[in-house]
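Chemist: Based on the sequences and whatever the hints tell you, model everything.
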Amino acid sequence: MKTPLLAIAGLKKSFDLKSVLRGIDLVVESGERVALVGANGAGKTTLLRILACLTEPSSGSARIDGWDIVRDAQQVRRLVGFVAHQPYLYDELTALENLLFFGKMYAVKDARERTEDLLRRVGLEKRARERAGVLSRGQVQRLSLARALLHAPRLLLLDEPDTGLDEEGLRLIEDVLAEHSAQGGAVLFTTHQLDRAMKLGDSLLMLSRGRLVFQEKTAGLELERMRQEYQEVFR
Amino acid sequence: MIFFEQVIAILWKDIRYELRSKQMWAGMGLFALLVLVIFNFAFDLRVDNRAAVAPGALWVSFVFASMLGLGRTIAAEREKGSMDRLLLCPVDRKAIYLAKLLGNMLFIGVVEIVALPIFAALFNVPLLLGPLLPIVLLGTLGIAAVGTLFSAMAAATRARELLLPILVFPLIVPIVIAAVRATGTLMVPVSNEPPWLGLMVAFDVIFLSISMLTFQYIVEE
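Line by line, the protein sequences give chains A and B.
Letter 154 of the first sequence, counting from 1, is numbered 154 in this note's numbering, and no numbers are missing.
Letter 166 of the second sequence, counting from 1, is numbered 166 in this note's numbering, and no numbers are missing.
I should point out that these hints are in silico values taken from the structure, not numbers from a laboratory.
Where hints are given, some of them may not hold.
Listed below are the simulated DSSO-like cross-link pairs for lysine-lysine, each with C-alpha atoms no more than 30 Å apart in a straight line [as the list claims (entries may be wrong)]:
id : chain 1 : residue 1 : chain 2 : residue 2
1  : B       : Lys94     : A       : Lys109
2  : A       : Lys2      : A       : Lys109
3  : A       : Lys12     : A       : Lys217
4  : B       : Lys94     : A       : Lys104
5  : A       : Lys2      : A       : Lys199
6  : A       : Lys2      : A       : Lys217
Modeler: Written out as structure tokens, the structure reads:
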């Protein structure tokens, strides 16, 4: 039987006495794009941080390509690309220097070539020698996306990737997601926009108070019905 | 091999970052000079007591200046996206510690290079650079080894500027005493002195080992 790219079972996370995730079960196959929607504080970012090995779960398990996210954290980190709320870049380094630095951290072969390709891909080749600190919010988001793609991860985790992007930037995200899944990678992304979630995702998940309360394929779902469902869930 | 490439990459990044922001070196250097100047005026320096006072003044200025720099290296990493930038990558946490330690040693070393000739001029003592070098190197390594570990711990708290010296000062007392006494022995040779350099080597080995092993548990959640 083929191993799913992401398999989560009974995942829980508490901070002190506050339960943020209350038992998440999820399977994501290679090539799948999963949209995760939920109100602020629903636990979306915590789930993504756990999968990126930045936070340990309180209980339950998650496996990425068969590797356990706690026991095999270093292996998992090689398989995951993460675009978070913070860009995870160094302001004083140029766009090129940032990517070359992270290329070293991920031990990327032919890092220079890969970096230049990615800068072109995200439309920042002319800004390559400018410091990350002087780039606009949208440009930083593009650079952050390039950083996440640098080591060709199998699983792409995107926490509200649309933030600060213009129309062209939004199209870039759509293209990157499509390319990534076409190449056999999987994507788990969060958004507050239901229409974007349904347009970009193959599956739609709704997270409410730490629980997955809705989980279906987007094909055949009607936006208007989902809007009503969304309002019902997050009322 | 990748381990050392990553150590060098993080170190190089920190140097480049610091050269561009210029926050740390300038502050540390100026602070060390101020301490030396204040001590020079505060103490009644005569030929007979100069050798007793000068080594203490030198190391106090190094330690105080170090605290400024030690607080900055990891705090800068914690700002904007926090330490997660590095922790997200499959890089050995020992490599992060080693790079931060080397960076701290380098930053403190630059301050020492600037402060030493000024110290010699203000306190009117011979510089004795050759014999002083291993003492300064071992002392700096000890302060940086403890300081790098605890700055990572303190950086996660709100009161990091206050917490860092409180955590570090008690632990570096042995190495500072050894460094002061070893420096004093250089100025006025004393017979039957304990092997201060040996003590410094032992301190460095112990704290370097402990820090390398525990750093991961401090920086990871």
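Chemist: Could you run down the list of hints and mark each one as holding or not?
Modeler: A quick look at each hint next to the structure:
The straight-line distance between the Cα atoms of B/Lys94 and A/Lys109 is roughly 22 Å, inside the 30 Å bound, and the hint therefore holds. A hinted pair counts as satisfied when its Cα atoms are at most 30 Å apart, and A/Lys2 with A/Lys109 qualifies at roughly 28 Å. Between A/Lys12 and A/Lys217 the alpha-carbon distance is near 24 Å, which keeps this suggested pair within the 30 Å criterion. With a C-alpha separation of about 16 Å, the suggested pairing of B/Lys94 with A/Lys104 holds against the 30 Å cut-off.
Our distance criterion of 30 Å between C-alpha atoms is met by A/Lys2 and A/Lys199, whose separation comes to about 27 Å. For the hint pairing A/Lys2 with A/Lys217, the CA-to-CA distance comes to about 20 Å; that is within 30 Å, so the pair holds.
Of the numbered hints stated above, none is contradicted by the structure.
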